[in-house]
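> Chain by chain, the residues run as shown.
2 protein chains.
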Amino acid sequence: MRCFPFCKLPGRVMGIRLLRFTSVVIIVLLLVAGALTALLPTIKDDKLPNSRREPKTQSQSALDSFTLIMQTYNRTDLLLKLLNHYQAIPHLHKIIVVWNNIGEKTPEEMWNSLGPHPVPVVFKVQTVNRMRNRLQNFPDLETKAVLMMDDDTLVSAHDLAFAFSVWQQFPEHIVGFVPRKHISTPSGVYSYGSFELQNPGFGNGDQYSMVLIGAAFFHRGYLEDFQQQPEAVYALIDETQNCDDIAMNFLVAKHTGKPSGVFVKPVDIRNLEKDTNSGYSGMWHRAEHLLQRSYCVNKLVNIYDGMPLKYSNIMISQFGFPNYANHKNKM
Amino acid sequence: MRCFPFCKLPGRVMGIRLLRFTSVVIIVLLLVAGALTALLPTIKDDKLPNSRREPKTQSQSALDSFTLIMQTYNRTDLLLKLLNHYQAIPHLHKIIVVWNNIGEKTPEEMWNSLGPHPVPVVFKVQTVNRMRNRLQNFPDLETKAVLMMDDDTLVSAHDLAFAFSVWQQFPEHIVGFVPRKHISTPSGVYSYGSFELQNPGFGNGDQYSMVLIGAAFFHRGYLEDFQQQPEAVYALIDETQNCDDIAMNFLVAKHTGKPSGVFVKPVDIRNLEKDTNSGYSGMWHRAEHLLQRSYCVNKLVNIYDGMPLKYSNIMISQFGFPNYANHKNKM
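Those sequence lines, one after another, are chains A and B. Start counting the first sequence at 74; every next residue gets the next number (my numbering). Start counting the second sequence at 74; every next residue gets the next number (my numbering).
Hints in this document: simulated from the structure, not taken from any laboratory. Keep in mind that the hints are not guaranteed to be accurate.
Copies of one chain are not kept apart here, so a pair can be met inside one copy or by any two copies together.
Claimed, not checked - The list that follows gives simulated cross-link-like pairs (lysine-lysine, PhoX-like), each with its CA atoms no further than 25 angstroms apart:
no., residue 1, residue 2
1, K383, K401
2, K331, K401
3, K178, K197
4, K401, K217
5, K383, K372
Work the whole structure out from these sequences, hints included.
Take a look at the structure:
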């Protein structure tokens, strides 16, 4: 009887015969399984050109993840609340907290005692309380993308995941949730504002010429570029403790020759400043805040010898989210 | 007395003295005016990077305007209604009517008798009633951009002006108002549909992988490319009298390696087919229409030996239009 390859096995014991039989059955099953896999249909690659969600590890590709940079002053309670939220955002690589509470201990001990955490957090202790501290070219940055958030702003994970995918398609732009504009006036003096100001007058509807960096993604290269700006820019930001975001929009617009920002309409964005116990309510409540920003626009035009900001009216939303039929029309 | 350059003039008559005086006054005024213009502030260029509205002339730049291509069959009443609308769209250069009413006179005489018109219309008489007639590389095309519209679809001028500006920022894509998708199934067979189908499953929300050309802008180069496709593609379109738009999306996706379309959410899009006197209600009412489209997707995958379509979830709307505060959030 044919028994190769089993003839070589010692065959004299009843147990061995059973072993032979079992081995044959197993081998036949494996061959059948192998044949079946060969019959499976080929899965065509029709995946998103964007990065898919990958497990958060330190080795995550520099293009597939981003670093959150959050500057904080006198609102540590809000900071900790927000850290619990942002630490769990998809595609987050690391958090950098820019600690503007000069002379005060960071909450690093508490943070560590409440670990483990999904991502590492680095507390960068500052020596002077400056608005532009957050625009340093931090060596801790390992990703191409930066997400910059104010320490009183909560944006949902859904919005952030979508906006990050949009940034990946527009990496040279500031992709964010807060659009603003400048307008020209007949006197040639510019003014700064939002949609309550008149439309710039290019066809229907409104335009924006800036996207604020307090809730936006941008390329880390712009932090490097920011270190190369004229001294007068730093002096202006330090003098006003304001306008670092306007300066960044000038920088990006000059670099690209296009509108600096791409506006993504947020579904869920919240300002938590009323929730703070510190009583501190943020720079934008200062009486002179908006006047300062108009002032900054005109100063920056002088410094850069021209107005580089360009208008856009592109508003991006997520197709089929949150409402799966949010694009339905009556046709 | 100093009188140069007037000393040379004959000075003896009283009238000449007056003439001298007047000339001096005029010259002084001109000099003052010249000095004033030098003091005017420089107007910085902060205009839209996109084309501005220009008067409609034949010499309009090939990039600043588009050509409407509208194929028509058995709905001349709708065609004429739509021509009155579309002839007045901003940035329109010319209209090409693809006349699929074989053996029937075009309404050219009536059109001419009701002139003048804002733009020229060319009636391209066809010899066979084919769906793909509209995808010829018409020599009448002088613009880079084509707007293709079905002969029962009305899109507002506002939507079209905005979508054209979006196309100018995404010239290699089909920029339009009707998104569709394919989905993969475990069997490997694809199916075609809209948002009523399950989401493709890449994160939150839905995705689209096609933008239908019956209401969209695209680059005329794709009409040239379409002439170079495998015979089997033409055979498929002729066999089904359908799917020319799916084929175009395959073509564009293959060419770019990116999602073929960019979806612009229309504010005002209307299907007028109920308004026709012809009783003809359009191909998509045929019982087999949607099944054919799924069939076409799978056939095209065979013909092109792969699935080139890619998903996108970008939905573009116009900032501040129609509602100037349409991006306002509760923050």
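> If a hint holds in the structure, say so; if it does not, say that too.
Going through the hints against the structure:
In the homo-oligomer, the alpha carbons of K383 and K401 lie at most 25 angstroms apart only across protomers (21 angstroms), although the nearest pairing inside one protomer, at 32 angstroms, exceeds that limit. For a Cα distance limit of 25 angstroms, the shortest separation of K331 from K401 across copies, 24 angstroms, qualifies, whereas the shortest one inside one copy, 31 angstroms, does not. When the C-alpha separation of K178 and K197 is checked against a cutoff of 25 angstroms, the pair qualifies only within one copy, where the shortest distance is 11 angstroms, while the shortest distance between copies is 78 angstroms. Taking the closest pair of Cα atoms, K401 and K217 never come within 25 angstroms of each other, the shortest separation being 36 angstroms inside a single copy and 30 angstroms across copies.
For a Cα distance limit of 25 angstroms, the shortest separation of K383 from K372 inside one copy, 17 angstroms, qualifies, whereas the shortest one across copies, 45 angstroms, does not.
In terms of the numbered hints stated before, the structure departs from hint 4 and from no other.
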